[in-house]
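Novice: With the hints as constraints, model all of the structure from the sequences given.
The listed protein sequences correspond, in order, to chains S and W. Using this note's numbering, read the first sequence as starting at 1 and increasing by one per residue. Using this note's numbering, read the second sequence as starting at 1 and increasing by one per residue.
Calculated lysine-lysine pairs in the DSSO-like style (CA-CA distance at most 27 Å, straight line):
1. S:K62 / S:K84
2. S:K62 / W:K202
3. W:K217 / S:K127
4. S:K76 / S:K176
5. S:K62 / W:K126
6. W:K202 / W:K126
7. S:K19 / S:K62
8. W:K225 / S:K62
9. W:K3 / S:K151
10. S:K19 / W:K202
11. S:K16 / W:K126
12. W:K7 / S:K151
13. S:K132 / W:K217
14. S:K84 / W:K126
15. W:K217 / S:K151
16. S:K176 / S:K84
17. W:K202 / S:K151
18. S:K76 / W:K217
19. S:K151 / W:K225
20. S:K127 / W:K225
21. W:K217 / S:K176
22. W:K202 / W:K225
23. S:K176 / S:K132
24. S:K9 / S:K76
25. S:K132 / S:K151
To give a feel for the contact side, a few chain S residues facing chain W, derived at Cβ under 8 Å:
26. G91
27. M96
28. L105
29. I108
30. L121
31. Y153
If you're looking for bench data, these hints aren't it; they were derived computationally from the structure. A virtual CB, placed ideally from N, CA and C, is assigned to each residue, including glycine.
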Amino acid sequence: MAETLLEVKDLTTQFKRGKKDWITAVSGVSFQVRAGEIVGLVGESGCGKSVTSLSVMRLHSKDTTRISGDIVLGGKHVLDLSDKEMQSMRGNDVSMIFQEPMSALDPIMRIGDQLAEAITLHTDLSKDEVHKRSVAMLKSVGIPEPEMTLKNYPHELSGGMCQRVMIAMAMSCEPKLLIADEPTTALDVTIQAQILALMEQIRRERNTGILLITHDLGVVAEICSRVIVMYAGHVVEEAPVDELFKHPQHPYTQGLIASVPRLGRRVHRLPSIPGSVPDLAAMPDGCRFAPRCKYAQEECRATDPALVKIADDHTCSCLFSEKEREEMLAHE
Amino acid sequence: MGKYVVKRILSMIPLLFVISVVIFMFIHLIPGDPARQIAGADATIGEVQAIREELGLTKPLVTQYVEWVGGFLTGDMGVSYTNNTTVIELLTPRLPITIYLTICSITWSALLGIIIGVVAAINRGKALDLIGMVIAIAGISLPNFWLGLQLMQIFSVNMGIFPTGGVETWQGYILPSLAMGAGIMSILARVTRSSMIENLGKDYIRTSRAKGLPESKVIMRHAFKNSSIDVITVTALQIGALIAGSVVVETVFSIPGMGRLLVDSIGYRDYEVVQALILFFSLEYMVINLLADVLYGVINPRVRYE
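Specialist: The structure is reproduced here in structure tokens:
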């Protein structure tokens, strides 16, 4: 089995609200990312996907955030590192790209300077070598005229080009792990496909592990090998991508997959999951999905189900198996 | 870039024309008669009329305007009605004093204001932020003439460190520039703080942190450099306010500068001097805004080609 790059165990992230109040955004999250695989982290807005990824990078403000659990990145326990040690890991062992490529680059700094900044931080290369590395990086992400682009400012490039630059910058110090937080959400469909292909190419050529955060199941189906589904700050299901799409176990996952429109399937009305995500400050007791779940029973409102293994590589947090749920529905 | 600067300078010409017309109209339309001031309260109507003709005030306004502008372009700014010296002779010794005072005020206030703003923004909501903002509120709430008098009382009268007025020595500049700069320091502290807070929340700051950049570099190289665009705009505008400040502070500290000359000349309806001074202040304002625009172009690539 490939080397484990990132292991998150029982991660809990809390944010300060008011003077002494803490609200829990994410709790009990555990997962792994191995070298050379693309892991999708999916869920609707506010489910804690981004909070989880920013916790891994320790990019939350220290004053207003409390993180517990264990995050092991390249053999190091991230939460025990000093600020300085963490800084030298960022961009070097783990990099991150973001949703809005246009605003993620400094608007008044040339692309070349922003790239060089990342490279000189983690290497001892001379100015010439940094330049060569920058050109090579831009070329590797498919930018046609790297020398020209280095002199450009972000506003002179398109969104897709900016995202390529972001990827080049993120990969410039050859991190083993890349965290991509909705990297294609702000781009149009053709550019999306190109950026996804580029990420797949990086994975293949460099054996990079990629944690892809998205709410787009189409993106997941296209390039992920494993999927983690989050709901209201918890992981509710994890499975290899084919398994997940063919046999989704958790009612939430089933609802998500059913709500994706498909070509050639005639539906009168697109199915949707009733209700909305619970407020972080007022989480329901028991299963967090129970208020929206058509199978919910008394027990569901009392017990918060743990993530249990239901097959090799497949875990799910529901008190009932799919068969049991079908029987319950038929019974009523 | 060069083209942009030339274009900007050329655009000042029509602006100067409009300003000169406005200044000329204003000064000639306000009530009060310089001839009456010169002749004194006891003069007869005939004597006043004679002086008026001598000063050329009986000619049509358009002719007076053309003569004034024509004189200006040939380096003749006219003669002061009250002092019997040419306007140029009157301005020459006063100009460097006011300019020096302005430079002193803007330098200390900009430096301190920016430092307070940056420190407050980084420590948002903490003690240092509060202290910085209390200083800023104090600086903007104290009128400069009152602040000038208090400084004079403490440092000149009680402690005897600085002179109470005049600028014969360099020490004479210290208290007036403190009084003049306090308001600007406060405004810059507030603007810098809010701009820094805004920029620190931007996506590219998160990107530079994700690169592994140390926080000090994130703040200076990315956040502050972006904030400096706002800071420059406000600084340029505040230099205009400094001109008004110089009028008051030069009077309080009895400094023979342009500001005090303006106050005196308005009192005497000394048209030629007032016109020259206001035109000079307008020009100063325009030059500073030009400098600000050029600096913009250097810092912000997005305005360069517009």
